[in-house]
Structure formats: C-alpha cells, structure tokens
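Dock chain R against chain H, hints included.
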Amino acid sequence: MKIGIVNYSLGNVGSVYSAFGFYGYDVFLVNRPEELEKYDVIVLAGVGNFNTAVLKLKHLHFWEQLNYEVNVKKKPVLGICLGMQLFADISYEGGENKGFGWIGGKVVKIEDHSTKVPHMGWDEIKPFDDKLFKGMQNNSFYYMHSYHFVPEDKGVTKAVTRYGDLEIVAAIRKDNIVGVQFHPEKSQGDGLRLLRNFLEF
Amino acid sequence: MYKRIIPIFLIKGKRLVKGTQFENLVDVGDPLSQAMIYDAQGADEIIVVDIDASREGRMINTGIINEMINRCRLPISAGGGIKSVKDALKCFEAGADKIVVNTSALLNPFLIKEMADEFGSQSVVVSVDVRKNSAGDYDIYAFSGKKKMGQDLKDHISMAIGQGAGEIIVTSIDREGTLSGFDRELYRRLEDITKVPIIASGGAGCYDDLVKIFTETNCDACAVGKMLFLRDYDIVKFKSYLKGKKIPVRDA
Numbered sequence: 001m002k003i004g005i006v007n008y009s010l011g012n013v014g015s016v017y018s019a020f021g022f023y024g025y026d027v028f029l030v031n032r033p034e035e036l037e038k039y040d041v042i043v044l045a046g047v048g049n050f051n052t053a054v055l056k057l058k059h060l061h062f063w064e065q066l067n068y069e070v071n072v073k074k075k076p077v078l079g080i081c082l083g084m085q086l087f088a089d090i091s092y093e094g095g096e097n098k099g100f101g102w103i104g105g106k107v108v109k110i111e112d113h114s115t116k117v118p119h120m121g122w123d124e125i126k127p128f129d130d131k132l133f134k135g136m137q138n139n140s141f142y143y144m145h146s147y148h149f150v151p152e153d154k155g156v157t158k159a160v161t162r163y164g165d166l167e168i169v170a171a172i173r174k175d176n177i178v179g180v181q182f183h184p185e186k187s188q189g190d191g192l193r194l195l196r197n198f199l200e201f
Numbered sequence: 001m002y003k004r005i006i007p008i009f010l011i012k013g014k015r016l017v018k019g020t021q022f023e024n025l026v027d028v029g030d031p032l033s034q035a036m037i038y039d040a041q042g043a044d045e046i047i048v049v050d051i052d053a054s055r056e057g058r059m060i061n062t063g064i065i066n067e068m069i070n071r072c073r074l075p076i077s078a079g080g081g082i083k084s085v086k087d088a089l090k091c092f093e094a095g096a097d098k099i100v101v102n103t104s105a106l107l108n109p110f111l112i113k114e115m116a117d118e119f120g121s122q123s124v125v126v127s128v129d130v131r132k133n134s135a136g137d138y139d140i141y142a143f144s145g146k147k148k149m150g151q152d153l154k155d156h157i158s159m160a161i162g163q164g165a166g167e168i169i170v171t172s173i174d175r176e177g178t179l180s181g182f183d184r185e186l187y188r189r190l191e192d193i194t195k196v197p198i199i200a201s202g203g204a205g206c207y208d209d210l211v212k213i214f215t216e217t218n219c220d221a222c223a224v225g226k227m228l229f230l231r232d233y234d235i236v237k238f239k240s241y242l243k244g245k246k247i248p249v250r251d252a
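Residue numbers (the numbering used here), protein chains in the order written: chain H, 1 to 201; chain R, 1 to 252.
Just so you know, these hints were derived from the structure itself, not from any lab.
Keep in mind that this is a model prediction, so the values were computed, not measured.
Beta carbons are placed, not taken as given, at the ideal position from N, Cα and C, and that holds for glycine.
None of the hints are false.
Okay, derived cross-link-like pairs now, SDA-like style, lysine to any residue, Cα gap no bigger than 25 Å in a straight line:
1. H:K109 <-> R:E114
2. R:K245 <-> R:E216
3. H:K2 <-> H:D175
4. R:K86 <-> H:N51
5. R:K195 <-> H:T115
6. H:K174 <-> H:P76
7. R:K86 <-> H:N7
8. R:K147 <-> R:V26
9. H:K109 <-> R:Y2
10. H:K74 <-> H:N7
11. H:K74 <-> H:L55
12. H:K126 <-> R:I247
13. R:K237 <-> H:M136
14. H:K106 <-> H:R162
15. R:K246 <-> R:C206
16. R:K237 <-> R:G29
17. R:K246 <-> H:Y163
18. H:K58 <-> R:L89
19. H:K134 <-> R:M1
20. R:K243 <-> H:S114
21. R:K246 <-> H:N139
22. H:K58 <-> R:K90
23. R:K86 <-> H:S146
24. R:K90 <-> H:F28
25. R:K246 <-> H:T115
26. R:K245 <-> H:Q137
27. H:K134 <-> H:S18
28. R:K246 <-> H:L166
29. R:K12 <-> R:I37
30. R:K195 <-> H:E111
31. R:K195 <-> H:E124
32. R:K243 <-> R:L179
33. H:K56 <-> H:N71
34. R:K237 <-> H:E124
35. R:K83 <-> R:R58
36. H:K56 <-> H:F28
Pair ranges (Cβ atoms, derived):
37. R:L107 <-> H:D175: 48 to 56 Å
38. H:G164 <-> R:D152: 26 to 34 Å
39. R:R231 <-> H:E124: 27 to 35 Å
So that you can see chain H by itself, here it is in the shape it has in the complex:
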C-alpha cells in the first residue's frame, strides 16, 4: 500500500510524513497532481487559511485531480484539520469560499463566549463506535483551530469534542472519505493508532 501526502506548500506535511513513517508504511510526498494516480491512499493535511489552501490547490492543479481520485476512483482519503475542512461545501474563513463539497456542510468560526479562541491544546473526544477509534488509550488528541466543520448529515459524524458550550465535530467519515479536526500526527500514541486504524480499514 502506497500512501501519498499532497504537498501543496501549505504548512508542515513533514510531521504527517514522519508519523506514517513511524510504522514503516510506504509514504511519499506528492508534488505533482498527475503522480496521485500511483497511490492507494491520499492524505490531505495543511495549516493556515481556507482561502489560501483552495487557491494553492487550484494553482498547482491538484484540485481537479483530487476530485477525480476521490469521487470517481473512490480512493481512501484522510483529511487532517484544514484538510478535513476542505471537504465541506463552503467555508467562511477569509471570505466565502467553496470547498470540494465531498461531505455536505459548512465551516464556521468557533464563536462561543464561554471559551477562548483558537481552540488550542489536548481534548478528549467522544467517539461514536467507529473502527477509526478502536484500541485508543485516552481518546485525547491535539487541536489547533479557530474554525470548525458543521456537517449537514449528522450521520457522517464519528466523534465529537465538547468545547465550552459547543460540540465540535472531531471526526467525519462517509464511504472512502475520512476527516479529523485534530492532529493525529501530533497526538502521541493515540494519534499513531488512529493513522493505523485508518489504513487498516
């Protein structure tokens, strides 16, 4: 199984790469969209601004290729943090921008007066009996985000985290598409386990 991490010059794909490398998986950084076809599994990470991410993916021609690999060829894809938010129909970060629309929903700012924003640090999740979370020790993962994903169909939500009065969607899954709001690559043992669970589907 070959894992391709989309390298679209936005943030630290290096730590995602080294986390998959930890278990000895065949993992590669993918610099050109046409190379995606060689990989069995695609990982879309990224930090920063939604708008910037969309522009970069389009500019580098990853956008159409990703749509093809995920929608037509049904390859498994894992979105991490901003990567997962890109699956949505629309985001309000940096203006109003369209996402891939693979999972219906919108990305909105965390606005909750009982808490601080960004949502930063470790939080416990409540998993909904999903194989993505089997064998976890603490169910605690590292978050760093100011926007969150609100899916249209609640059925895609596979884990949530309570933050103040808000329930933040921590993980989503629909067919071949999996997304997590937290950073498994930064979440020590449980994070590595989650990456492994994803690959073992």
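Frame of chain H, contents of chain R only:
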C-alpha cells in the same frame, strides 16, 4: 479542555541550556534526546527558543526543529530571531507547528498580522518577557531580557491579540530559573484581556507551583524548565500529582 505542561527549551548553539533570570547558563543536554524523553513521558507540547538568535541578527537553526519533528509526536513551537513571514515559513517547512515571536513583535507591530493572515492565528504565538519595576508594574524587555522597551504590557498583549496572535506566553524574568513559583499576580492582571490561550512561564519549582497557577489564574498552560532539567521531577510525576488535585490534565 486539559491544562498543558510544556517543557521550554532554550537553545544556545546546538545545546540545551538553562540559567537563572536569563543569566548564568549551564548545559543541560542534547535538545533532541531531551525532546524524545519528554515526548515519551507525555509532555503536552514543547517550545524551543534560540536565545541568541535575535541579538545575533539571525534566526533559529531549523535543523534542530526538523530533527525533533522527525522523532517526536507532539506539537513543537519554534522561536528565536523570526523577523518575517519568510523566516516563519522556514520554520513551518522544517515542521514546526507554531512559531514564537518576541523581539520582532515589539519592533514591528505589523508582523503579527502578516503572519496570522498567512498561517492562521492558531500558528502564531507571541512571547513577552517582563520584569517587575519598583512601582510594582511590569516592564517589557526585548533581546532575551537585554533591552527595556517602552510598551505597556496590557497594551502590547491586546495589540498582539487584535492583530491575530493565537496564543500568548508571558515570562517573568524575575522568577525564571529561580524555582520560586510563578508570578501569579502577573497573570491575574492579564485575565480580562486574554481572549486567547495564555501560557505562564518562569518560576516553576515544585508541584504546588503547578497546582496554584492552574487554580488561581486562568492560564491554560505552564512552561517548565529547570525543575525538569535539573531537579528530580518528570512529566509523569507532574501529571499524577495534578490529577490528584483534581486539575484536568491528560494522562501521560
């Protein structure tokens, strides 16, 4: 949300150092080996700062960050001499999760906004070093405590948050390396303006210092240095003690 325990790594050359009130530095080991040890013990993050970078007009050696990222599975913030979006990008490319700006945020107030626009607020940490003056107020210092600045502490932090800083770390130089406890008064004064997470730094010396910073202030995280490097403590012990005191910490 769990309270975080963050080892803070001061880098001099290629070594990890620790001093008292930013002076009298001693070598406390190899940064990579130490990072791996604290990662294994369940530290919640690590902050790495090159203490000479700003004064020497260069930025932190990103090679050290890259080695840590490859070996550790926890978030790493990097700082030291980051003066531009381009410098910050080098740190992110090396794998840093957040960048820390201190002196450059004092010299160039537009920098924070530029970085937050490019990388998102969650990746921009503003660090402020302070000393208490004879009137009982706090003065801000730049260049690793070497130069007193004119900015008012609360104004500077409010400005930083307004410009998009996603987290603030405030270090009491008076307490740093003294093991005499955090300056809780300092953090209490900032409570009404910190709408973003705040990290206390300087003075952690015993278990109760950690308990008090979390029970008596609204700090979200605390930095630990000497206590960890030069005394008989580890992250596992910290967490089991804090848990016993009903403070929400993540299991190590």
